[in-house]
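Start from chain Y and add chains G, Z, D, A and H according to the hints.
Order-wise, the sequence lines are chains Y, G, Z, D, A and H.
The numbering used here applies: residue 6 is where the first sequence begins, and numbers increase by one.
The numbering used here applies: residue 6 is where the second sequence begins, and numbers increase by one.
The numbering used here applies: residue 6 is where the third sequence begins, and numbers increase by one.
The numbering used here applies: residue 6 is where the fourth sequence begins, and numbers increase by one.
The numbering used here applies: residue 6 is where the fifth sequence begins, and numbers increase by one.
The numbering used here applies: residue 6 is where the sixth sequence begins, and numbers increase by one.
FYI, nobody ran anything at the bench for these hints, they're computed from the structure.
Quick partial rundown of chain A residues pointing at chain G, CB under 10 Å, derived from the structure:
no.: 1; residue: Asn93
no.: 2; residue: Asn94
no.: 3; residue: Thr96
no.: 4; residue: Trp97
no.: 5; residue: Val98
no.: 6; residue: Ser99
no.: 7; residue: Glu102
no.: 8; residue: Ala125
Backbone N, C-alpha and C fix where the C-beta goes; we use that ideal spot for every residue, glycine too.
There are 6 protein chains.
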Amino acid sequence: MNDKNLKEKSGILIGRMQPLHNGHIQVIKNTFKEVDELIIGIGSAQISHTVENPFTAGERTLMIKKALIEEGVEGDKYYIIPITDIMNNSTWVSHVEMLAPHFNKVFSGNPLVQQLFTEAGYELSKHVLFDRKLLSGTKIRDLMINDGKWEDLVPKSTATIIKKINGVKRLKHIVLKM
Amino acid sequence: MNDKNLKEKSGILIGRMQPLHNGHIQVIKNTFKEVDELIIGIGSAQISHTVENPFTAGERTLMIKKALIEEGVEGDKYYIIPITDIMNNSTWVSHVEMLAPHFNKVFSGNPLVQQLFTEAGYELSKHVLFDRKLLSGTKIRDLMINDGKWEDLVPKSTATIIKKINGVKRLKHIVLKM
Amino acid sequence: MNDKNLKEKSGILIGRMQPLHNGHIQVIKNTFKEVDELIIGIGSAQISHTVENPFTAGERTLMIKKALIEEGVEGDKYYIIPITDIMNNSTWVSHVEMLAPHFNKVFSGNPLVQQLFTEAGYELSKHVLFDRKLLSGTKIRDLMINDGKWEDLVPKSTATIIKKINGVKRLKHIVLKM
Amino acid sequence: MNDKNLKEKSGILIGRMQPLHNGHIQVIKNTFKEVDELIIGIGSAQISHTVENPFTAGERTLMIKKALIEEGVEGDKYYIIPITDIMNNSTWVSHVEMLAPHFNKVFSGNPLVQQLFTEAGYELSKHVLFDRKLLSGTKIRDLMINDGKWEDLVPKSTATIIKKINGVKRLKHIVLKM
Amino acid sequence: MNDKNLKEKSGILIGRMQPLHNGHIQVIKNTFKEVDELIIGIGSAQISHTVENPFTAGERTLMIKKALIEEGVEGDKYYIIPITDIMNNSTWVSHVEMLAPHFNKVFSGNPLVQQLFTEAGYELSKHVLFDRKLLSGTKIRDLMINDGKWEDLVPKSTATIIKKINGVKRLKHIVLKM
Amino acid sequence: MNDKNLKEKSGILIGRMQPLHNGHIQVIKNTFKEVDELIIGIGSAQISHTVENPFTAGERTLMIKKALIEEGVEGDKYYIIPITDIMNNSTWVSHVEMLAPHFNKVFSGNPLVQQLFTEAGYELSKHVLFDRKLLSGTKIRDLMINDGKWEDLVPKSTATIIKKINGVKRLKHIVLKM
Numbered sequence: 006m007n008d009k010n011l012k013e014k015s016g017i018l019i020g021r022m023q024p025l026h027n028g029h030i031q032v033i034k035n036t037f038k039e040v041d042e043l044i045i046g047i048g049s050a051q052i053s054h055t056v057e058n059p060f061t062a063g064e065r066t067l068m069i070k071k072a073l074i075e076e077g078v079e080g081d082k083y084y085i086i087p088i089t090d091i092m093n094n095s096t097w098v099s100h101v102e103m104l105a106p107h108f109n110k111v112f113s114g115n116p117l118v119q120q121l122f123t124e125a126g127y128e129l130s131k132h133v134l135f136d137r138k139l140l141s142g143t144k145i146r147d148l149m150i151n152d153g154k155w156e157d158l159v160p161k162s163t164a165t166i167i168k169k170i171n172g173v174k175r176l177k178h179i180v181l182k183m
Numbered sequence: 006m007n008d009k010n011l012k013e014k015s016g017i018l019i020g021r022m023q024p025l026h027n028g029h030i031q032v033i034k035n036t037f038k039e040v041d042e043l044i045i046g047i048g049s050a051q052i053s054h055t056v057e058n059p060f061t062a063g064e065r066t067l068m069i070k071k072a073l074i075e076e077g078v079e080g081d082k083y084y085i086i087p088i089t090d091i092m093n094n095s096t097w098v099s100h101v102e103m104l105a106p107h108f109n110k111v112f113s114g115n116p117l118v119q120q121l122f123t124e125a126g127y128e129l130s131k132h133v134l135f136d137r138k139l140l141s142g143t144k145i146r147d148l149m150i151n152d153g154k155w156e157d158l159v160p161k162s163t164a165t166i167i168k169k170i171n172g173v174k175r176l177k178h179i180v181l182k183m
Numbered sequence: 006m007n008d009k010n011l012k013e014k015s016g017i018l019i020g021r022m023q024p025l026h027n028g029h030i031q032v033i034k035n036t037f038k039e040v041d042e043l044i045i046g047i048g049s050a051q052i053s054h055t056v057e058n059p060f061t062a063g064e065r066t067l068m069i070k071k072a073l074i075e076e077g078v079e080g081d082k083y084y085i086i087p088i089t090d091i092m093n094n095s096t097w098v099s100h101v102e103m104l105a106p107h108f109n110k111v112f113s114g115n116p117l118v119q120q121l122f123t124e125a126g127y128e129l130s131k132h133v134l135f136d137r138k139l140l141s142g143t144k145i146r147d148l149m150i151n152d153g154k155w156e157d158l159v160p161k162s163t164a165t166i167i168k169k170i171n172g173v174k175r176l177k178h179i180v181l182k183m
Numbered sequence: 006m007n008d009k010n011l012k013e014k015s016g017i018l019i020g021r022m023q024p025l026h027n028g029h030i031q032v033i034k035n036t037f038k039e040v041d042e043l044i045i046g047i048g049s050a051q052i053s054h055t056v057e058n059p060f061t062a063g064e065r066t067l068m069i070k071k072a073l074i075e076e077g078v079e080g081d082k083y084y085i086i087p088i089t090d091i092m093n094n095s096t097w098v099s100h101v102e103m104l105a106p107h108f109n110k111v112f113s114g115n116p117l118v119q120q121l122f123t124e125a126g127y128e129l130s131k132h133v134l135f136d137r138k139l140l141s142g143t144k145i146r147d148l149m150i151n152d153g154k155w156e157d158l159v160p161k162s163t164a165t166i167i168k169k170i171n172g173v174k175r176l177k178h179i180v181l182k183m
Numbered sequence: 006m007n008d009k010n011l012k013e014k015s016g017i018l019i020g021r022m023q024p025l026h027n028g029h030i031q032v033i034k035n036t037f038k039e040v041d042e043l044i045i046g047i048g049s050a051q052i053s054h055t056v057e058n059p060f061t062a063g064e065r066t067l068m069i070k071k072a073l074i075e076e077g078v079e080g081d082k083y084y085i086i087p088i089t090d091i092m093n094n095s096t097w098v099s100h101v102e103m104l105a106p107h108f109n110k111v112f113s114g115n116p117l118v119q120q121l122f123t124e125a126g127y128e129l130s131k132h133v134l135f136d137r138k139l140l141s142g143t144k145i146r147d148l149m150i151n152d153g154k155w156e157d158l159v160p161k162s163t164a165t166i167i168k169k170i171n172g173v174k175r176l177k178h179i180v181l182k183m
Numbered sequence: 006m007n008d009k010n011l012k013e014k015s016g017i018l019i020g021r022m023q024p025l026h027n028g029h030i031q032v033i034k035n036t037f038k039e040v041d042e043l044i045i046g047i048g049s050a051q052i053s054h055t056v057e058n059p060f061t062a063g064e065r066t067l068m069i070k071k072a073l074i075e076e077g078v079e080g081d082k083y084y085i086i087p088i089t090d091i092m093n094n095s096t097w098v099s100h101v102e103m104l105a106p107h108f109n110k111v112f113s114g115n116p117l118v119q120q121l122f123t124e125a126g127y128e129l130s131k132h133v134l135f136d137r138k139l140l141s142g143t144k145i146r147d148l149m150i151n152d153g154k155w156e157d158l159v160p161k162s163t164a165t166i167i168k169k170i171n172g173v174k175r176l177k178h179i180v181l182k183m
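Next up, chain Y with everything else stripped away, as it sits in the complex (with noise of 0.2 Å):
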């Protein structure tokens, strides 16, 4: 959208969200200090049933949504918009632009979206993120690949979501090598 005017203040956070954590839910309660409204996008929508991304933009989608409803979120005050790869780096930002609602603040820890978004000329946000050291989706993979506690790191939703769709045996099955 081009009306810059349209929302005084509103941001955009994209993370694959593979899957949802703890650290996701904080950030995003976070970014309500600087914005109104955020606009919480799934990236590499396409992308499941893979050992780095094993859940749909659906299954996603699903996550958030329940996470935020358990952590009294407003529903009014975000969207959950899954975003497709495109091939090209430089057109990606307009690709956003396209699917989101208006947005003038980002949210984000990964350098290349940074760079892309700096380029097209919009603000970042300075807000820390989690570390993701301690915290990450990796890790929570590598958890449930190797029989690990995974589930107090994510929403409660979250991991009763996982369970119903079997998500852990999905993911150790994918691990195998042919």
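Positioned in the frame of chain Y, the structure of chains G, Z, D, A and H alone reads:
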């Protein structure tokens, strides 16, 4: 998602919403008589700036969200998901299942959508849709092009959004012949 | 394939086969007067569930196989290959060459297909095709929609397949106006 | 490119050039009254061998180059860039920006192109285009199909190229009905 | 296809066959103990001319057909279908269903393929596959590159085809470093 | 283009030019000993903003044009054509033929490119390329990232362009780990 029991009563309604109008709002509100949760799919999400499809997926997402807030529909009860077209009808239901959280009832007045979901084993709602002869995107776009009174046919917030983004001017320019 | 001498006399015939009908069968049988081996390409393989293209590539593959068994055409003498459309006419012959075993003669009544293969240096058969005014996919689909007698215009096994998959019902539903 | 000051006066003109004709040449020459450098974008670059778009991007590139040499336009002053179509109007300007060197003025008589570049903040030239009723690709293709005199409507080198590649024969064959 | 009863016992086996080898032939022949009809899907059909995937779909189709004729497997009992990769695992089964005639049993040693078909409700065969440590495409390609004896590991007709198309020379050239 | 006699001696050279460097310029100038006209294809045109491919096709087009002006290579003698990647090696030559004017000689040090053009019947130049151990895009990008002296390895105008677009800063940011 495969677990058919995750949510007892969840539905999907897919439309292009070019633009969102009062008929859509009435149908969306009626679906909640049959389901607890509704996925609102924005069809042909990648198309914009054409006479048939003037608005982007992001703009249409904004229209829906603001109108449902206006109507007092609780934000926790629905999802707004852009659905890009794919070339293959026979894989389209699978494409929707990838992008959307689990659903078990389909609301659609479109014969092709009905056929595809029926072949995939979904239940169609008998829910009566709005009368497309009285109210349709086509009719509203014609009024916009010909300086007619379209504002009362759409939610108040939708009219505001279309004005802020100069939507009528966009449509009138695109419709010009080269 | 590059080795032009691998098989002395091999041909290709491409059609949408929506559905397979007696004209196709007659042409296929006639090609064996000119070639030892025939590649039957199913055109627009990715399209289905439209009024012009009601059947999937898989359904059309089944129709062809069962009809040729019925006709006593030996299974070792032909290939059935789905050919998806690509956006570029000028790379289309190369796309077909990638998907199909080597061939050196082209059977086609389609002017575009003739032009593309001719520019690529292939020999076109002078082989007379069936009379499209008497027998065509369009005519058969019209009969299906209007409760006409279409069954005698297609191979017996094709009629059986169409009935088993509720093909006429599918076509009649898709043709409905929203 | 982001540096808006790299070249003070650089323009872009996009057309399908099916085929290149004297109107295009006149417009191209006129643009140099406003800009130092011109990017000539070949639209719908991936399409060829259709009645509306008979020639490939490579053939059209050759037509433009040879005609501009003929006209004495210096080769250092322009770029010829094939622009493939993408499905999304709202990311199309970004797609052009990826493929073309920096530009700051847009020459176009196409309302959609004008709208998209305007929304992206570009300046449109007021430059008067040729009269499309007198001279157009459509008119020239019709003359080719109907054995009319088209040769004088295109640059001499373009006529030579079309003859060498048997372009009229191609067009006449493609236009045949199956 | 939706009619699950069209053919009582039909199976699908998908492999890249780069190249076809004796292990594939052994497995294909064994499947007929469980099914009446077999669909042989050529995976990654669009890939060729890489070190991992030297042969085109057409070349692989030819290898399979000629080897099965050699082995006396009746041509009416199987289909050879190229399956192009798509980006989305979660719609891949639907993509295969579009391209292939109806099937109800899946033969695969690939964990991802097993997982995807299982989630879609298909029955996997317990059928023992060949020992991939003794015989694999990787091993054969390594032998080709290093002038080893690969000919006895593939069907006789496959060796002939590879020689006719200069397949080993192709592979040796592609593997060179720039 | 099909007419092989349109231009007696025309060549193509394809490279990613990430960035353009003195080795490319030396090779380009040498090709004119063998051909009258050169097509300079920019490979992987759609990729940018990666560590291996930092610059857009448009930026690379500008680098080439300005460097050849600097070197006094006449603008009428060459074409600069962005070549986007396609998924299929076996249709890639056809894709290049679509985008480029007619050529009959290929300049390439890339084994895959050599193989594909050779299988399509093109003549490869024996022309000696620059020594990739002394001078390569990889080496230059490493120098940029590590504050080395890269400026003397590229044309003067290329260094200027990279500075104006903050290319080194872009590369240093992208290379950061998340």
